Amino acid sequence: MSLGVSDVSVVGDGIELVSHVSLAVEPSKPLTLLGETGSGKSLLAQAIMGTVPRGLTVSGHVSVHGDVQAADDQQARRKYWGRTLAVLPQEPWSALDPTMRALPQVGEVYQRVRQIAGGRPSANVRAAEDLAALHLSDAGRAFPFMLSGGMAQRVAFAAARAGGGDVLIADEPTKGLDADRRDGIVSMLRSHLEQRGTLLTITHDVSIARALGGAIAVMLEGRIVEQGPAVMVLASPTHTYTRRLLAAEPSAWPERSARASGELVLSARGVAKAFGERRLFSGIDLDVRAADLIAIIGSSGSGKTTLGGVLLGLVASDEGVITRPGQAPAWKYQKLYQDPVASFAPRATLRMLLEDVVERHGREWSVVEQLLQRVRLSHMLLDRRPDQVSGGELQRFALVRVLLIDPVVVFADEPTSRLDPITQQETLELLVETAADRGCALILVTHDHVIAEKLGARIVALGAIGSPS
Amino acid sequence: MNSLPVFVRRASRQQVIGGVIIVCLALFAVVVPLFAGDPLTQDLDHTLAWPSVSQPMGTDHLGRSVLARLSNAARLSLSVALISVATAALSGAATGILAAWRGGWSERVLVAIGDVVLAVPGLLLVILMTVLAPGESWPFYVGLSAAMWVEHFRIVRAASRSLLASPQVEASRLLGFGPFYIVRRHLAPELAPMLATLTIFGAATAVVSLATLGLVGLGVRPPTPELGRLIIESLPHYREAPWLVSAPVALLAITVVALALVADREESL
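Chains A and B, in that order, are what the protein sequence lines are.
For the first sequence, this note's numbering assigns the number 1373 to the initial residue and increments by one for each residue that follows.
For the second sequence, this note's numbering assigns the number 7 to the initial residue and increments by one for each residue that follows.
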């Protein structure tokens, strides 16, 4: 057993955040820890590494290659950092040094952590080989901000591996990455396994667990509720939570049929937009009718958000015309944001913000009450500030705020990409249903084909080079 | 709205101490001149007198009441500081938001004016103003306001620009809210703490600048009592009457320290 966790608990303020967790990971047999935000899975990773924040109490034992240590002796694990235990960080951009080019960041680890003979020149040679193996030969001279999310993740991977650590802990390695980048990360993790490496992956993404195989442990509220070989857990889950988690995977969603649509509310002809030299899209023709459901899909950087801005009149297009048949006022065209927290004034309560909209548009507060009930939000939450409710709840508040004024078109910019799978499914279904109830057209931006297909949406694909396909 | 109770509740111990000192100074500057007598009446029979019951802080080299002179000087300094810093903050916030909002020519013109003002050292600007109307007190007010306006303008403009481009403001605009709502709901709550800190430090700078000008003989016209002038007038007598020179110096130091204590907020700036 190269990595063992026995009876580890993390307690803060008298609450068990991680409760009596035991795990064992063998070389070449990956273990994937599945769970939602707040389930304690990242804390468990910190307990293994010995980086649990001050103020929390850790108990139990951690073993690395047979060396059993008390989990609360956090200093003891230091000697393994980099050389034996490696962490693939959650947000690669913030893990990389923004002032250093990619190659020396990896080379530095060879030179200082692994301390290979030959100093910096040979360290950089090794680093260049690693980057080439990850198809990053051209990125060696790039600074982190010049890298895409997937590239930054690969550089972080190369840096994490360079120390020679054979026990790799990957904490949410696909967070914020597009579906097509996910496969790249998985193959990267596989290559680690092929070299007899040990891998513990922490994720909320069931598809990662499926792709990696090995074993799965499902974590809920600090406890492991189900554990076993991936094939078995995924095929016949025993715990209710696991079943819900699997059902929330987009591929398991029920199919919805396409909706009947009404009169034309928004039309775009030959719309094009470029930022400087870079052409985002051109020749976009799109008719949006009442109660339509349209999905805009494309990888990151393909201009999905910009297209939405053009359709809503927030961004001027370079070419083409946008027309809004019917005499609906401008505020009937609304938007839902990817990060709901950023779309609310941060220092006011949700009640104040909703009252503002009620007042501005001469609505009745009773409409708010009905909508809150419709999207299953409690009154108790009204007196909190936007950052004091969960992401899923806030996105539903955003939905209430928009529906309050009976919009004709809602442009939803990846409204659920930051939510856990179960919340994502709930929120998206609510969004699609409530929009349909009100005859409101919904333009949904997503990077997941499957979601678009399952919802029965009309698909507009933006290619990576920018022309519609 | 209910910002005062929240402000007091969030205040640290340092801020409470600073606030109490400021209130005491304000009382000294407002109440004491009412009964301390005329700061200009000379009594050449009692020059450089020690503190006594009739003259709590003694008299100066011309037999004038030090208490009356000091309290009147404090009133002048604090009121000029208060008015000029308030002018600077209000005009800075208004022009900063305007520049960030409108962009284009109005922004370029305002930024250019700001750069010009910034290119002249603040004190020099005030001195240039006093040349226009020697002996008056309004040039101090105008000069100090102009010098401090730049800081407020630049900070408000930078902060407003990123706020106005943020999704929260875009969402409110899409929902049909106008400029006043956006200023009130989105900009003001974010800008207020920054401006508060800037204003408090600005007030301290204004008090010190005024005293500096008095000290080098460029301040308000004598015999009007002013802190810097009090210091320079009593300097020759520091052996016979050390309280004469130490009183205005102490008042100046206490004012600046109290303002710095009030400004001490971890969250701001």
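Don't read these hints as lab results, they were simulated from the structure.
Quick caveat: nothing in here was measured; it's all calculated off a predicted structure.
All C-beta atoms in this analysis are idealised placements derived from N, C-alpha and C, irrespective of residue type, glycine included.
Misleading hints may appear alongside valid ones.
Examples of chain B residues toward chain A, derived with CB under 8 Å [said to hold, decoys possible]:
1. V123
2. P127
3. E176
4. G182
5. F183
6. P195
Here's a subset of chain B near chain A, in silico, CB distances under 7 Å, partners left out [what the hints assert, rightly or not]:
7. P173
8. Q174
9. A177
10. L181
11. V189
12. R191
13. H192
Structure-based check of each hint:
1. V123: Violated, about 32 Å.
2. P127: 34 Å, violated
3. E176: At 7 Å from the nearest chain A Cβ, E176 (chain B) passes the 8 Å test, so the hint holds.
4. G182: OK, holds: G182 (chain B) within 8 Å of chain A, min 4 Å.
5. F183: Interface hint status for F183 (chain B): holds (6 Å vs cutoff 8 Å).
6. P195: 4 Å, holds
7. P173: Given a least distance of 5 Å, the restraint on P173 (chain B) holds.
8. Q174: With a minimum Cβ separation of about 6 Å from chain A (threshold 7 Å), the hint on Q174 (chain B) holds.
9. A177: 4 Å, holds
10. L181: 6 Å, holds
11. V189: 11 Å, violated
12. R191: 5 Å, holds
13. H192: 5 Å, holds
The structure fails hints 1, 2, 11 (numbered hints given earlier, in ascending order).
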